[in-house]
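K.L.:
One-letter residues, chain by chain:
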Amino acid sequence: MDNKKLNVWDRIRDSDIYFSFIKSPTAIASAIILFIILFCSFFVEFITPYNPFDPSSLSLMDAFTPPSWTEDGVAKFIIGTDGQGRDMLSTILYGSRISLIVGFSAIIFSLVLGVGLGLTAGYFGGKYEMIVMRLTDVQLTVPSILMALLVDGIARGIISREMHDEMAIYVLIFAIGISEWPQFARVSRAATLVEKNKDYVSASTIIGVSNFIIMFKHILPNITRPVLVIGTIGLALAILAESTLSFLGVGVPPTTPSLGTLIRLGNDFLFSGEWWITFFPAIFLVILAFSINLLGDWMRDTLNPKLN
Amino acid sequence: MSFLKIKNLSVDYKMRKETVYAAKNVNIEVNKGEILGLVGESGSGKSTVGNAIINLIDEPGKVSNGSILLGDINIHENSKNIASYRGKKVGLIFQDPQTSLNPIFTIGEQLIETIQTHLSLNTEEAKNKAINLLKEVGIKDADTRFYNYPHQFSGGMRQRVVISLALCCEPELLIADEPTTALDVSIQSQILELIKRLTKERNLAVILITHDMGVIAETTDRVAVMKNGNLVEIGKTKEVLMTPKEIYTKSLVSSVPPTNKKIERFKIIEKENKNQTDTNIKILNRWTKKKIVDQDLVQIKNLSKTFDDSFFTESSKNSVMAVNDVSFNIKEGQSFGLVGESGSGKSTIAKMIVNLFKPTSGDIYFDKVCITKIKNNKEMMKFRKQIQMIFQDPYSSLNGRLKVKDIVSEPIKLHNPSISSKDLDNYIYDLLESVELTQQSADRYPHEFSGGQRQRISIARALATQPRLLVCDEPTSALDVSIQAQILNLLKDLQEQLNLTILFISHDLPVVRQMCDRIAVLKNGKLCEISETEELFKNPSHDYTKELLTLMPKIESIYN
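Taken in order, these protein sequences are the chains called A and B.
Under the working numbering, read the first sequence as residues 24 to 331, first letter to last.
Under the working numbering, read the second sequence as residues 1143 to 1702, first letter to last.
Simulated from the structure, these hints should not be mistaken for lab results.
All values derive from a computational prediction rather than experimental measurement.
Incorrect hints may appear among the rest.
What the hints assert, rightly or not - Among chain B residues calculated to face chain A with C-beta under 7 Å, some are:
| no. | residue |
| --- | --- |
| 1 | V1374 |
| 2 | V1462 |
| 3 | M1463 |
| 4 | Q1528 |
| 5 | F1533 |
| 6 | D1535 |
| 7 | N1541 |
| 8 | K1545 |
| 9 | P1553 |
| 10 | I1554 |
Said to hold, decoys possible - Between beta-carbon pairs, the in silico distance windows are:
| no. | chain 1 | residue 1 | chain 2 | residue 2 | range |
| --- | --- | --- | --- | --- | --- |
| 11 | A | I40 | B | Y1537 | 16 to 24 Å |
| 12 | A | W32 | B | K1156 | 47 to 55 Å |
| 13 | A | R248 | B | S1484 | 49 to 57 Å |
Ideal placement from N, C-alpha and C gives every residue a C-beta, glycine not left out.
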């Protein structure tokens, strides 16, 4: 044991996670792709010269311009334009921002809900645990898309028509979040059951630490690994769920299109030959979900103590 | 001409940052008909040597140098050699009989399979051989037991079956890796007797790998002492233990708690923390020292605890009586020992005293107040402060996500919320120094410490609330013997200086003898006897105590 204090960066470089990251080309590649997508999506205003949502900048003359490398392509629209003359690339980046925001928010919502319920269920046990776990069983028998459609349907009934477009994104987050939480609840309950029987928990109990502090200060940091792994994979699922719902027309409104909305809108032109309008958002979605999944796989392999 | 010759054996593990030598230039010879003990602390490479003989070294480790000769064949020369020798000429006994038998086959099937792999016998002949073997290792009704599954045998019986498996192909070399560590004392002595008998009858060469000096003294003819992958000393067991030549062997022998007398302190020759010299109990200044009054600090009256395993039914068929009508008192300032084998309920009693479990019936009085009846949380906090506990497993008893200072400060902040941060820091430093850790330890995480140092952190945490009663649940059974000696010394010093009352729980009789003033012996949740330590060791009254005392492995047996 050396006495010199390590700063945070040295600590990271010294860690096994960093080591296995450097050794895994898949992880590096997917992390780089993900970083580029995230960066471009959130700083899209500064990157693209076009604002597809500003009607004054649009010209219908540009509509249905094919990708720049084809015969009729124009250099300023790299992958072409859609039916209203919007630059596809900018539209996709704006759209992926919506998709990512919805995906992240939904996963955070279900993470808080699922881990909260799973942690308390595992810790307290008894009837409370039984109720929570049976609830997850019931929830898991309902396909998540149906669950989300149900939530959307109810929301349409409650919220007035004018409010609906404004509220759509929150409804979507809630709908996806509520259908994903049982995974988190199950994993965090199982991990809590293991941790709660360890002596450090007994030691805190003997000292007189309250249940709340034991759960959130002692147990929670020790169950983050499995939760993080399913959280990453859940993120990809949430983004896909958002796209599916938007594709079905119950997601975000077309005025602020997400990737799913773009694919749906482009679908109408598929048979008239304008393939790029639906193809590029779709391929973008595949790359996004795929790189998140690969990163999640790597994380699962690295953080799983049994595989080390 | 010795049977097994290990020449210049080196085994190394290529790790991420450096190459670790698990064994370095080890030279060992074993003759037929003798038992060689391989002794060392954890990480000394004793199991590595055993595994190297049969080439069971896991990746990324590999034998980098040296040769192993069995008879006059170099078994590492050709990988075919190893496969045909492993199991046939070399038999193996592992530590845990729970996992070394396949639970879905009867022991008969497992024996026959092993016999037929190596010997060309038909099923009938193999069966006869198997039954004879089972008889030889002392299994009664071998004809019917042959058709039983492993779970139908007790731990000791299962280890006998494992031994019969190791013997079934007439091996000439037997490697026993900690064969009795998972077993209770009474079964341990039977298994060791069996190994001794078989060595003579079958003229085997035996390597017995263990950390227990008592087992070495009672069983082996010669002993090899290992440390950090190096062979420190090898020779006749009697000579090595009585007149050790190397400093390391001396310190190892002197750290073993003697079974025949009580000593004041353990002589420490090599220290874990070299920078610390004397014990320096700094928290004394802060400690509001309670005068020892001649009274019973803890009174336990008719304590019982049942664990109900009936989730669906109301019947109490599945319930287990872990503790059954136990009563005893602990005098203030005394060390009280609770001794028993696994499943005797000693840890359950400890957990009821520290209020982790509620008793099914009976009462616990602390300082004349019945703490089992307290419902109010605030009221309970007063007692939580006064009763603290040290756990067996130093790895699970500290939260790996917190720094040492956060672990130690938690009880201080909880019971004294108004403490200033400067005072808190000083208090933490005082606590750490009292358990012989440096101030710098405060900013580190638990995984940076060894098992013994972690146990010290655990003690510091327990002392933070200035308890009057310290419950020690097997505090040293996960530690090496030299570290154990240091921790026991520390506990003794702390008790003396701080007027602590200690409840010391252990299965290890010699340790209890060194630590305790009075001892209670438990069996299957019932109290067998309570008496003063010396009285108990000299004139045990209960049969079970007598049995335990005669069966425990004694390092002193070497002098006879």
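K.L.:
Now, for every hint given, state plainly whether the structure supports it.
P.N.:
These are the hints, each one checked on the structure:
1. A distance limit of 7 Å between C-beta atoms decides the matter here; for V1374 of chain B the minimum to chain A is near 24 Å, and the interface restraint is violated.
2. At about 17 Å, the closest approach between the beta carbon of V1462 of chain B and any beta carbon in chain A exceeds 7 Å, and the interface hint on this residue is violated.
3. Because the closest C-beta pair between M1463 of chain B and chain A is about 22 Å apart, greater than 7 Å, the hint is violated.
4. Taking 7 Å as the C-beta cut-off, the interface hint given for Q1528 of chain B is violated, the closest approach to chain A being about 11 Å.
5. Checking F1533 of chain B against chain A by beta carbon gives a least distance of about 4 Å; that is within 7 Å, so the hint holds.
6. With 7 Å as the threshold, the beta carbon of D1535 of chain B comes within range of chain A, its nearest partner Cβ sitting at about 6 Å, so the hint holds.
7. Because the smallest distance between the Cβ of N1541 of chain B and any Cβ of chain A comes to about 4 Å, under 7 Å, the interface hint for this residue holds.
8. Taking 7 Å as the C-beta contact cut-off toward chain A, the hint placing K1545 of chain B at the interface is violated, the least distance being around 12 Å.
9. Interface hint status for P1553 of chain B: upheld, as the beta-carbon distance to the closest one in chain A is roughly 4 Å, under 7 Å.
10. Hint status for I1554 of chain B: violated, given a least beta-carbon distance of 10 Å to chain A, over 7 Å.
11. Look at I40 of chain A against Y1537 of chain B: about 21 Å separates their beta carbons, and that is inside 16 to 24 Å.
12. Checked against the given bound of 47 to 55 Å, the beta carbons of W32 of chain A and K1156 of chain B, roughly 27 Å apart, lie outside it.
13. At roughly 32 Å, the beta-carbon separation of R248 of chain A and S1484 of chain B lies outside the given 49 to 57 Å, and the hint is violated.
Checked against the numbered hints listed earlier, the structure breaks hints 1, 2, 3, 4, 8, 10, 12 and 13; every other hint is satisfied.
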